[in-house]
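So the protein lines, in turn, are chains Z and S.
Okay, so the first sequence: first residue is 8 according to the working numbering, each after it adds one.
Okay, so the second sequence: first residue is 21 according to the working numbering, each after it adds one.
Rather than coming from a laboratory, the hints here were simulated on the basis of the structure.
By construction, the Cβ of each residue, glycine as well, lies at the ideal position given by its N, Cα and C atoms.
One or more of the hints may lead you astray.
Claimed, not checked - If you anchor each label on the Cβ, the simulated ranges turn out as follows:
#1 G72/Z x V409/S: 39 to 45 angstroms
#2 T383/S x D66/Z: 47 to 53 angstroms
#3 R405/S x G48/Z: 22 to 28 angstroms
#4 I40/S x R74/Z: 30 to 36 angstroms
#5 L566/S x R74/Z: 56 to 62 angstroms
#6 S404/S x A145/Z: 55 to 61 angstroms
What the hints assert, rightly or not - Each computed SDA-like pair below joins lysine to any residue, with the alpha-carbon atoms no more than 25 angstroms apart:
#7 K403/S x Q31/S
#8 K403/S x D146/Z
#9 K114/Z x D495/S
#10 K403/S x D78/Z
#11 K114/Z x L320/S
#12 K113/S x G490/S
#13 K128/Z x M103/Z
#14 K126/Z x A79/Z
#15 K114/Z x K573/S
#16 K403/S x H193/Z
#17 K114/Z x L568/S
#18 K258/S x V497/S
#19 K403/S x P231/Z
#20 K573/S x E81/Z
#21 K403/S x A79/Z
#22 K338/Z x F328/Z
#23 K403/S x G24/Z
#24 K114/Z x L478/S
To be verified - Only some residues are given here: those of chain Z computed to face chain S with a beta carbon under 7 angstroms:
#25 Y111
#26 D281
#27 C282
#28 Y313
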Amino acid sequence: MAKLILNRLSKTFETGGRPAVNDVSLEVRDGGFLALLGPSGCGKTTVLRMIAGFEQPTDGSILLGDRVLADASEMVAPEHRNMAMVFQSYALWPHMSVADNVGYPLKVRGISGEKRAKKVKEALNAVRLEAYADRRPADLSGGQRQRVALARCLVTEPDVVLLDEPLANLDRHLRQEMEETFREFHARSGATMIYVTHDQAEAMALATDVAVMSEGKLLQVASPQEIYARPEGRLVGGLVGQGAILKWPAAPLPNRLVDWEMLQQSLSHTNGQDCADILVRPQDVEIAAEGMLATVTSVLFEGERYALKLALGDEQNLRAFSRQPVQVGDKVSIIIRSAWRL
Amino acid sequence: MFRSQNRGNSQPRWLFSFVIVVIFFLSVLPLGRLAMTGFSSLFDGGARALLSDPVVWQAVYDTLTTSFLGMIAAVILGGGFALLLTLFNVRGKTALGFLFMLPTMIPPQVTALSWIGMTGPSSALLKAIGLAPPMGSPQPLYSIGGIALLYGVQNAPLVFLSLRAGLLALPRDGVEAARLSGASSWQVLKDIILPLSLPGFVAGAAIAFVSCVGNFGIPAILGIPASIYTLPTLIYTKFAAFGPGTFADVSLLSGLIAILSVIGLTVEERVLRGRDYRVIGLSGQVAMFKLGHWRLLGELVLWLAIFITLVMPLTALVASSLAPAYGVPLNASTATLDAYREVLFKQTITRTAFFNSVTLSLTTAIGLLVVTVLTGYYLVRSKSRLAPVLSALAEIPYALPGIVLAVALILVFAAPIPIIGISIYGTIWIILVAYFSSFFAVSLKPVVSAFRQLDPSLEEAARLSGAGFGRRLIDIVVPLVAPAAGASVILVFLIACNELTVSAILWSAGTQTLGVAIYNLDDSGSFNLAAALSVLVVIMVIAMMLVLELMAKRLPKGVVPWRS
Numbered sequence: 008m009a010k011l012i013l014n015r016l017s018k019t020f021e022t023g024g025r026p027a028v029n030d031v032s033l034e035v036r037d038g039g040f041l042a043l044l045g046p047s048g049c050g051k052t053t054v055l056r057m058i059a060g061f062e063q064p065t066d067g068s069i070l071l072g073d074r075v076l077a078d079a080s081e082m083v084a085p086e087h088r089n090m091a092m093v094f095q096s097y098a099l100w101p102h103m104s105v106a107d108n109v110g111y112p113l114k115v116r117g118i119s120g121e122k123r124a125k126k127v128k129e130a131l132n133a134v135r136l137e138a139y140a141d142r143r144p145a146d147l148s149g150g151q152r153q154r155v156a157l158a159r160c161l162v163t164e165p166d167v168v169l170l171d172e173p174l175a176n177l178d179r180h181l182r183q184e185m186e187e188t189f190r191e192f193h194a195r196s197g198a199t200m201i202y203v204t205h206d207q208a209e210a211m212a213l214a215t216d217v218a219v220m221s222e223g224k225l226l227q228v229a230s231p232q233e234i235y236a237r238p239e240g241r242l243v244g245g246l247v248g249q250g251a252i253l254k255w256p257a258a259p260l261p262n263r264l265v266d267w268e269m270l271q272q273s274l275s276h277t278n279g280q281d282c283a284d285i286l287v288r289p290q291d292v293e294i295a296a297e298g299m300l301a302t303v304t305s306v307l308f309e310g311e312r313y314a315l316k317l318a319l320g321d322e323q324n325l326r327a328f329s330r331q332p333v334q335v336g337d338k339v340s341i342i343i344r345s346a347w348r349l
Numbered sequence: 021m022f023r024s025q026n027r028g029n030s031q032p033r034w035l036f037s038f039v040i041v042v043i044f045f046l047s048v049l050p051l052g053r054l055a056m057t058g059f060s061s062l063f064d065g066g067a068r069a070l071l072s073d074p075v076v077w078q079a080v081y082d083t084l085t086t087s088f089l090g091m092i093a094a095v096i097l098g099g100g101f102a103l104l105l106t107l108f109n110v111r112g113k114t115a116l117g118f119l120f121m122l123p124t125m126i127p128p129q130v131t132a133l134s135w136i137g138m139t140g141p142s143s144a145l146l147k148a149i150g151l152a153p154p155m156g157s158p159q160p161l162y163s164i165g166g167i168a169l170l171y172g173v174q175n176a177p178l179v180f181l182s183l184r185a186g187l188l189a190l191p192r193d194g195v196e197a198a199r200l201s202g203a204s205s206w207q208v209l210k211d212i213i214l215p216l217s218l219p220g221f222v223a224g225a226a227i228a229f230v231s232c233v234g235n236f237g238i239p240a241i242l243g244i245p246a247s248i249y250t251l252p253t254l255i256y257t258k259f260a261a262f263g264p265g266t267f268a269d270v271s272l273l274s275g276l277i278a279i280l281s282v283i284g285l286t287v288e289e290r291v292l293r294g295r296d297y298r299v300i301g302l303s304g305q306v307a308m309f310k311l312g313h314w315r316l317l318g319e320l321v322l323w324l325a326i327f328i329t330l331v332m333p334l335t336a337l338v339a340s341s342l343a344p345a346y347g348v349p350l351n352a353s354t355a356t357l358d359a360y361r362e363v364l365f366k367q368t369i370t371r372t373a374f375f376n377s378v379t380l381s382l383t384t385a386i387g388l389l390v391v392t393v394l395t396g397y398y399l400v401r402s403k404s405r406l407a408p409v410l411s412a413l414a415e416i417p418y419a420l421p422g423i424v425l426a427v428a429l430i431l432v433f434a435a436p437i438p439i440i441g442i443s444i445y446g447t448i449w450i451i452l453v454a455y456f457s458s459f460f461a462v463s464l465k466p467v468v469s470a471f472r473q474l475d476p477s478l479e480e481a482a483r484l485s486g487a488g489f490g491r492r493l494i495d496i497v498v499p500l501v502a503p504a505a506g507a508s509v510i511l512v513f514l515i516a517c518n519e520l521t522v523s524a525i526l527w528s529a530g531t532q533t534l535g536v537a538i539y540n541l542d543d544s545g546s547f548n549l550a551a552a553l554s555v556l557v558v559i560m561v562i563a564m565m566l567v568l569e570l571m572a573k574r575l576p577k578g579v580v581p582w583r584s
């Protein structure tokens, strides 16, 4: 096994328009769990399909260790890549039993009899579906089908496992359970995993690394903690966490992580010209005396607290939490304890 | 660049070449050859001689009159049936629909024979009930009107299907909104439904017209005895009186048929542009109008139509087959199964015909399936801009009347095949080639619809499992399209087995098909034998249609032609 390298990868479809994937470079370490995060249409699925070999890059290359999997002129067919994929639709073959579905990659590799049966049984055990081996996919629930698809990935010890929004079709409760299964699967198999999702919470919870994409471009790659604490640019800042982005007079902001004192200072030194985007997370907004005034525009009761939307004097919006009930239209005084300059 | 694109696709490189070769030989080559001969004879003297022949213009005139009148009859019958059956709460819709669709699957020469058995002075049925006109009075169907009437009966199902598809796609909320605006049932029908279903009417009429222009069985049996020739029967007689100018003449005549057909098909394509039949069938299944105490009358009208167009002619056919000889009155003591014994066990001609038709049809149905699975796979999966063009080329041979294709193939194969130097003209092989070409589209359609419904990720998962193209095809793709493939085999078999037009031109001694045998038996005066053979054919048709009907639930929409 080796690390997966995407080198200045680009893809333009024949139908024209802007490139679906534009100059993406990325390294996934061996055994890493990378989440590709982005809004729909950002090119993340195209990247995944290029790694699988269903699409060919129009520029750049994909390497596994020092083996070139694909570039603009040559490519290794998907059937020779030793990869596995969990599809959004699960892609279970309806005419085969669960055990046949799971055992198919082994059958194709010429493994038969006892050896295949044993491996299939192990894989089904790992996803706790041993009792369902003879069922048809149509007789299973959504979560069970998902686990069959996962067992099919497990059975051949692939170099890379690709997951294309695998939780998109499941309800909330099943999602949590499946997230657990994926983590377990990653720990057990040690395979490099690439997980495409548009759900930032899912990406944070599962991955060891998160890559954020937008409009075909790679914006930032970092650990979930890093991405959350130190996002780069408006797009990543807006995508990760529930923060609000404010325009703030920029001149005297020396650090990127700023506190209330610095924010106030820059307000008083404003020349009205240079502005910077700052990201303010709701938990860093405190309702306290001697702050700046804001008007409550919406209140949502979440059980343990109230989630507020606030409008600042200059029409900018901010989110905050409150333990005390407030009314829409109330004027409150707020202090921004901490903000991140994007 | 080309090479790399193929690598990215799921298809092996040879598939594209395979599809090109198939389409070239089944569609481009014969039609191109026909066009070439047609054009070259246009520019030498032969064309002038042919086009100044009044017989040709009479045939064109008769073709147009019969087809136009036939189209009107088909629109009245099929349109009325579709409106009544789809929009109103009559009972027994499935049975009525199935029975109404039957005539279109019954070979036209059988339709003609059964109607002859129902009318005229020698009708066994009329004699049995004592209503036969006196001997010597003319057979009323041997006329322009008779041909047109039978065209109408035969092609009414085409109008029915086209209109019904349109009606089922009508937005129900649009109708309900009109109701809420205060419109009466009649106003809704007049102001909303009829205008919206006009494209279905026009398209159905256009296909019916094309089908009439190319029909051979009906004018051959009804027209030739009365010296009425349509273009297809004129071509047939030109071949019968073979001469030096025959090839040039028939290619021009086929060109005329092709032009008339293309006009009709263009009209159809225009009015249906942008309408996708695959998404249809969800709305409007529920009757829109309640008939109240008129319901019984409506049902009576529908069953009466079935009785006149289907039950009576078929009863007459059975009666004719049981009569000991043409014109002998039929009753319990004279009824005999001799005719069946004769066609099944004694006559070598009919037994050869059975054998030929069944072997040809089976070979065509199964052989074509192999070709169409590969071709369909390419057409659906390929992102190439060529795919829609190839798709259209594959459709043409079936869309054009069979006689055009038969003439085209004769032109291609009249001389020995280059390089190998063997001539297949006059052998059974030329009929087989013609069937492959003619029914390619019939076989392709169910397979393509099944591929369209197949989630591509099912195949992608197999690729990542390590399965190459052949392996995926056998393990994943073919099992998943199996029901549609089965339907494709039955459909092709059904249509090929009943076909007359192509083999009437291409047969020679020993290679006659069922269609040809029926026609020849009637032509030589053995009406009861022709009727017996026809009865057997009709039984076969009904049996296969029932099999398809039972399979219909497991098939993609649009595969079974009489269901929508």
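These are the hints, each one checked on the structure:
1. Between G72/Z and V409/S the C-beta distance comes to about 43 angstroms, which sits within the given range of 39 to 45 angstroms.
2. For the pair T383/S and D66/Z, the beta carbons lie near 50 angstroms from each other, so the given range of 47 to 53 angstroms is met.
3. Between R405/S and G48/Z, the C-beta spacing of about 24 angstroms keeps the proposed range 22 to 28 angstroms intact.
4. About 35 angstroms separates the C-beta atoms of I40/S and R74/Z, a value consistent with the hinted range of 30 to 36 angstroms.
5. Here the CB-CB span from L566/S to R74/Z is close to 58 angstroms, well matched to the stated 56 to 62 angstroms.
6. For the hinted restraint 55 to 61 angstroms between S404/S and A145/Z, the CB-CB distance of approximately 34 angstroms leaves it violated.
7. Restraint check for K403/S and Q31/S: satisfied, since their Cα atoms lie roughly 11 angstroms apart, inside the 25 angstroms limit.
8. Using a Cα cut-off of 25 angstroms, the hinted pair K403/S and D146/Z is violated, with the two alpha carbons roughly 34 angstroms apart.
9. The hinted pair formed by K114/Z and D495/S meets the criterion: a straight-line CA distance of about 11 angstroms does not exceed 25 angstroms.
10. Between the alpha carbons of K403/S and D78/Z the distance comes to roughly 20 angstroms, so the proposed pair stays at or under 25 angstroms and holds.
11. As the CA atoms of K114/Z and L320/S are separated by approximately 61 angstroms, the hinted pair breaks the 25 angstroms bound.
12. For the proposed pair K113/S and G490/S, the alpha carbon gap of about 44 angstroms is over 25 angstroms, so the pair is violated.
13. Annotation: proposed proximity of K128/Z to M103/Z holds, straight-line Cα distance about 16 angstroms (limit 25 angstroms).
14. In summary, the hint linking K126/Z to A79/Z is not supported, as the alpha carbons are separated by about 37 angstroms, beyond the 25 angstroms threshold.
15. Between K114/Z and K573/S the CA atoms are separated by roughly 32 angstroms; this puts the pair beyond 25 angstroms, and the hint is violated.
16. The suggested pairing of K403/S with H193/Z is violated, with an alpha-carbon distance near 36 angstroms, which exceeds 25 angstroms.
17. A distance of roughly 35 angstroms separates the Cα atoms of K114/Z and L568/S; the hinted pair therefore is violated under the 25 angstroms criterion.
18. Distance hint between K258/S and V497/S is unfulfilled; the C-alpha atoms sit about 48 angstroms from each other, more than 25 angstroms.
19. Under the criterion of a C-alpha separation no larger than 25 angstroms, the hint pairing K403/S with P231/Z is inconsistent with the structure, at around 38 angstroms.
20. Proposed proximity of K573/S and E81/Z is contradicted: the alpha carbons are some 45 angstroms apart, above 25 angstroms.
21. With a C-alpha separation of about 18 angstroms, the suggested pair K403/S and A79/Z falls inside the 25 angstroms cut-off, and the hint holds.
22. About 15 angstroms separates the Cα atoms of K338/Z and F328/Z, which keeps this hinted pair within 25 angstroms; it holds.
23. Distance restraint check for K403/S and G24/Z: the Cα-Cα separation of roughly 16 angstroms lies within the 25 angstroms cut-off, and the hinted pair is therefore satisfied.
24. Of the supplied pair hints, the one linking K114/Z and L478/S holds, its CA atoms being roughly 16 angstroms apart against a limit of 25 angstroms.
25. A hinted interface residue such as Y111/Z counts as satisfied when its beta carbon comes closer than 7 angstroms to some beta carbon of chain S; here the least separation is about 5 angstroms, so the hint holds.
26. For D281/Z, the interface hint is violated, the least distance from its beta-carbon to any beta-carbon of chain S being 48 angstroms, above 7 angstroms.
27. Because the closest C-beta pair between C282/Z and chain S is about 46 angstroms apart, greater than 7 angstroms, the hint is violated.
28. Hint on Y313/Z is violated. Least Cβ distance to chain S is approximately 42 angstroms, over the 7 angstroms limit.
In terms of the numbered hints stated before, the structure departs from hints 6, 8, 11, 12, 14, 15, 16, 17, 18, 19, 20, 26, 27 and 28, listed from lowest to highest.
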